[in-house]
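There are 4 protein chains.
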Amino acid sequence: MIPLRDKYQAVPELLVDRWFNTPEPVTLAGLRGKVIVIEAFQMLCPGCVSHGLPQAIAIRETFPREEVEVIGIHTVFEHHAAMTPVSLEAFLHEYGIGFPVAVDRPGDGDIPETMKALGLRGTPSLVVLDRRGFMRINLFGRPSDMLVAAEIARLVFERGPTAGQVATAEPAHGASSPCLPEGCKTS
Amino acid sequence: MIPLRDKYQAVPELLVDRWFNTPEPVTLAGLRGKVIVIEAFQMLCPGCVSHGLPQAIAIRETFPREEVEVIGIHTVFEHHAAMTPVSLEAFLHEYGIGFPVAVDRPGDGDIPETMKALGLRGTPSLVVLDRRGFMRINLFGRPSDMLVAAEIARLVFERGPTAGQVATAEPAHGASSPCLPEGCKTS
Amino acid sequence: MIPLRDKYQAVPELLVDRWFNTPEPVTLAGLRGKVIVIEAFQMLCPGCVSHGLPQAIAIRETFPREEVEVIGIHTVFEHHAAMTPVSLEAFLHEYGIGFPVAVDRPGDGDIPETMKALGLRGTPSLVVLDRRGFMRINLFGRPSDMLVAAEIARLVFERGPTAGQVATAEPAHGASSPCLPEGCKTS
Amino acid sequence: MIPLRDKYQAVPELLVDRWFNTPEPVTLAGLRGKVIVIEAFQMLCPGCVSHGLPQAIAIRETFPREEVEVIGIHTVFEHHAAMTPVSLEAFLHEYGIGFPVAVDRPGDGDIPETMKALGLRGTPSLVVLDRRGFMRINLFGRPSDMLVAAEIARLVFERGPTAGQVATAEPAHGASSPCLPEGCKTS
Numbered sequence: 001m002i003p004l005r006d007k008y009q010a011v012p013e014l015l016v017d018r019w020f021n022t023p024e025p026v027t028l029a030g031l032r033g034k035v036i037v038i039e040a041f042q043m044l045c046p047g048c049v050s051h052g053l054p055q056a057i058a059i060r061e062t063f064p065r066e067e068v069e070v071i072g073i074h075t076v077f078e079h080h081a082a083m084t085p086v087s088l089e090a091f092l093h094e095y096g097i098g099f100p101v102a103v104d105r106p107g108d109g110d111i112p113e114t115m116k117a118l119g120l121r122g123t124p125s126l127v128v129l130d131r132r133g134f135m136r137i138n139l140f141g142r143p144s145d146m147l148v149a150a151e152i153a154r155l156v157f158e159r160g161p162t163a164g165q166v167a168t169a170e171p172a173h174g175a176s177s178p179c180l181p182e183g184c185k186t187s
Numbered sequence: 188m189i190p191l192r193d194k195y196q197a198v199p200e201l202l203v204d205r206w207f208n209t210p211e212p213v214t215l216a217g218l219r220g221k222v223i224v225i226e227a228f229q230m231l232c233p234g235c236v237s238h239g240l241p242q243a244i245a246i247r248e249t250f251p252r253e254e255v256e257v258i259g260i261h262t263v264f265e266h267h268a269a270m271t272p273v274s275l276e277a278f279l280h281e282y283g284i285g286f287p288v289a290v291d292r293p294g295d296g297d298i299p300e301t302m303k304a305l306g307l308r309g310t311p312s313l314v315v316l317d318r319r320g321f322m323r324i325n326l327f328g329r330p331s332d333m334l335v336a337a338e339i340a341r342l343v344f345e346r347g348p349t350a351g352q353v354a355t356a357e358p359a360h361g362a363s364s365p366c367l368p369e370g371c372k373t374s
Numbered sequence: 375m376i377p378l379r380d381k382y383q384a385v386p387e388l389l390v391d392r393w394f395n396t397p398e399p400v401t402l403a404g405l406r407g408k409v410i411v412i413e414a415f416q417m418l419c420p421g422c423v424s425h426g427l428p429q430a431i432a433i434r435e436t437f438p439r440e441e442v443e444v445i446g447i448h449t450v451f452e453h454h455a456a457m458t459p460v461s462l463e464a465f466l467h468e469y470g471i472g473f474p475v476a477v478d479r480p481g482d483g484d485i486p487e488t489m490k491a492l493g494l495r496g497t498p499s500l501v502v503l504d505r506r507g508f509m510r511i512n513l514f515g516r517p518s519d520m521l522v523a524a525e526i527a528r529l530v531f532e533r534g535p536t537a538g539q540v541a542t543a544e545p546a547h548g549a550s551s552p553c554l555p556e557g558c559k560t561s
Numbered sequence: 562m563i564p565l566r567d568k569y570q571a572v573p574e575l576l577v578d579r580w581f582n583t584p585e586p587v588t589l590a591g592l593r594g595k596v597i598v599i600e601a602f603q604m605l606c607p608g609c610v611s612h613g614l615p616q617a618i619a620i621r622e623t624f625p626r627e628e629v630e631v632i633g634i635h636t637v638f639e640h641h642a643a644m645t646p647v648s649l650e651a652f653l654h655e656y657g658i659g660f661p662v663a664v665d666r667p668g669d670g671d672i673p674e675t676m677k678a679l680g681l682r683g684t685p686s687l688v689v690l691d692r693r694g695f696m697r698i699n700l701f702g703r704p705s706d707m708l709v710a711a712e713i714a715r716l717v718f719e720r721g722p723t724a725g726q727v728a729t730a731e732p733a734h735g736a737s738s739p740c741l742p743e744g745c746k747t748s
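Residue numbers (the numbering used here), protein chains in the order written: chain A, 1 to 187; chain B, 188 to 374; chain C, 375 to 561; chain D, 562 to 748.
Okay, chain A solo, but in the shape it has when bound (with noise of 0.2 Å):
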């Protein structure tokens, strides 16, 4: 499997303006217990299209929802009238996504506040909270479905507070073009 972090990263709450495919907003707070899978796309992103969701909905249907919960936040960080809630609305409906998808709340700059508290690189991006709410997994890119389910049912089954780590990866490399064929970039 993938090399491991050398220390846990605690994640503040999301910052969200806004949540579909869910009756009341969703925290991380209270999902606390489960494993956590949040997937950060863009709309317009093709490997968010190709890759990310197609492997977010997987995810979902593999695992059981009393283990790991799937949702996705929009952070979007370029084109920003292009990818407004009505867009991202009709998106998650032509696309049949069916997690809970929250709109990451706008910023100072052009990067949205929960991606930028999270650290991502770009989108997609796959971030995986274990049991206690630690980032033990935070990957740009396309990693592949083996390696993605692999690291996620280490979550799943680890017992009590481990010695863990936190995985890295970076299965594909950006440039200074937002979108390439892996996701795209923050500059």
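Since the hints were derived computationally from the structure, they do not count as laboratory data. This structure is a prediction, so every number in the text was calculated from the model and none was measured. Please note that the accuracy of each hint is not assured.
[What the hints assert, rightly or not] Just some of the chain A residues that point at chain C, by a computed CB distance under 7 Å:
1) PRO54
2) ILE57
3) ALA58
4) THR62
5) GLU66
6) GLY133
7) MET146
8) ALA149
9) ARG154
10) PHE157
[As the list claims (entries may be wrong)] Under the rule of at most 30 Å between Cα atoms (straight-line distance), these lysine-lysine pairs were calculated in the DSS-like manner:
11) B:LYS221 / B:LYS303
12) B:LYS221 / D:LYS595
13) D:LYS677 / D:LYS595
14) C:LYS490 / C:LYS408
15) A:LYS34 / A:LYS116
16) A:LYS34 / C:LYS490
Quick reminder that beta carbons are idealized off the backbone N, C-alpha and C, glycines included.
Since the structure of chain A is already known, use the hints to place chains B, C and D on it.
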């Protein structure tokens, strides 16, 4: 190859509000003498993103520009507020679509004007006009690259006024729900 | 994840005529303590070539060798004259399969001995033994990478004798004809 | 489309030891008047299994039999003992290949006679003869369906003796090792 229609269909000029990827508006009359491939799509139609638009790009890369011209038309018939020209512009940029793309003119109902005039059944639709401007191919859904290239080449190599016919295969059948794996159908 | 069997299945030692890709024969006893993944295949089974063997390669690349060992077994139950060890050796070379591969010992009828002993239903079959050597997973057909990795990881992180159960999902159902898209079934 | 050769290449009759999938031997002379597509392959060549043979099947399904005939030729130039007619017969059955397939006649060295006579560079190779029997296309590797269909259609719609030329694109370049992702090359 696919069955042919028994008569040619004349096609009116495109009714367009705006063009992208071209310094000045494109007209069918201006392209007369070439085979014209028209890819009708919606930016939030999954079958357009995964099949129709990549196929249009491949057509443009395979056939010489002196013989075959590829243009796109954004025929929004659902989620109108979600697929505005602002969103379309960002979409074209992120998906690397370099051929001219028209914004179909909104009509009285949901169906825009050019989509109505061409008699399209949904998106993606691949329409091909022969060198004299007659519609000879009108395919809804996900026709194979093999089939599409064979049919376009047939029109490229057609010499003089022949007793040709028009293909009207429907590789995939839609249902009541607008967007299915094969594409989005008008109701 | 997939449902579990209600009891463990002990597995006899592999009955093998010959090994490839290993200087000396591999035994299940010699691998005790590790999770053992056994990919049962036939070189002329389309589902093995397109799905089972690439999946076995991905398993080997994802999980560390100290935890998970991958071996193949060529369980020929049809076209015996067409899939001899001479042909298999060239096949392994051309397809770049680097893990140890056993030739299952021919039995009285068409089904070879190890295939019979493990109760396999056809090819490809993915069998996984836990650290104590019990068969816990026996999947015929084309299970997803996501599912397979989650199940293997479950066994990797299993600690001590647990009241675990054995997965026995059948992602695809065969018919009378031996080789279908999902795999080749014994009759 | 792809550049054309500056002259036509006459092609000798196939030198064949045995045929499958046809009650009597096929000859190029007997098919004169049709466009003839010849898929040269080896059953243990990964690029043939994943690309060349599925493409040949798609050609056969797309073009009418009165215009285009598809035949295969098993041009074994490596691992001869592993790819005998007995193994080939099972391979054709399992992979559902229904068009006539010839076994190329072994030559003095590793390269069989027809492969030598046609000047093929490796497998898979797609050779296309025009209606008069001249070789007009000779593609090694993995040409796209779009390109291949356009080129075949060009020959289908060709009328009378034209000053045509022969395509000789090489979509993928091999190296010293015989089998690479794009195909297997003769040394």
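Hint check:
Interface hint status for PRO54 (chain A): violated, as the beta-carbon distance to the closest one in chain C is roughly 10 Å, over 7 Å. Given the 7 Å rule on beta carbons, the hint for ILE57 (chain A) is violated: about 10 Å separates it from the nearest Cβ of chain C. A cut of 7 Å between beta carbons decides the hint on ALA58 (chain A): the least distance to chain C is about 5 Å, and the hint holds. This hint holds: THR62 (chain A) has a C-beta 5 Å from the nearest C-beta of chain C, less than the 7 Å allowed.
With 7 Å as the threshold, the beta carbon of GLU66 (chain A) stays out of range of chain C, its nearest partner Cβ sitting at about 11 Å, so the hint is violated. For GLY133 (chain A), the shortest C-beta to C-beta distance to chain C is roughly 20 Å, which exceeds 7 Å, and the interface hint is violated. For the restraint placing MET146 (chain A) at the interface with chain C, the shortest Cβ-Cβ distance is roughly 4 Å, inside the 7 Å limit, so the hint holds. Interface hint at ALA149 (chain A): satisfied, since its Cβ lies 4 Å from the closest Cβ of chain C, which is below the 7 Å cut-off.
Using the Cβ-Cβ criterion of 7 Å, the hint placing ARG154 (chain A) at the interface with chain C is satisfied: the shortest such distance is roughly 6 Å. With a least beta-carbon distance of about 4 Å to chain C, the hint placing PHE157 (chain A) at the interface is held under the 7 Å criterion. Distance check on the hinted pair: LYS221 (chain B) and LYS303 (chain B) sit about 24 Å apart at the alpha-carbon level, within 30 Å; holds. Of the supplied pair hints, the one linking LYS221 (chain B) and LYS595 (chain D) holds, its CA atoms being roughly 28 Å apart against a limit of 30 Å.
Taken as a hint, the LYS677 (chain D) and LYS595 (chain D) pair is honoured in the structure, with Cα atoms around 24 Å apart against an allowance of 30 Å. As the CA atoms of LYS490 (chain C) and LYS408 (chain C) are separated by approximately 24 Å, the hinted pair is consistent with the 30 Å bound. The straight-line distance between the Cα atoms of LYS34 (chain A) and LYS116 (chain A) is roughly 24 Å, inside the 30 Å bound, and the hint therefore holds. This hinted pair does not check out: LYS34 (chain A) and LYS490 (chain C) have alpha carbons roughly 41 Å apart, beyond 30 Å.
Taken one by one, the earlier hints fail for this structure at numbers 1, 2, 5, 6 and 16, listed in ascending order.
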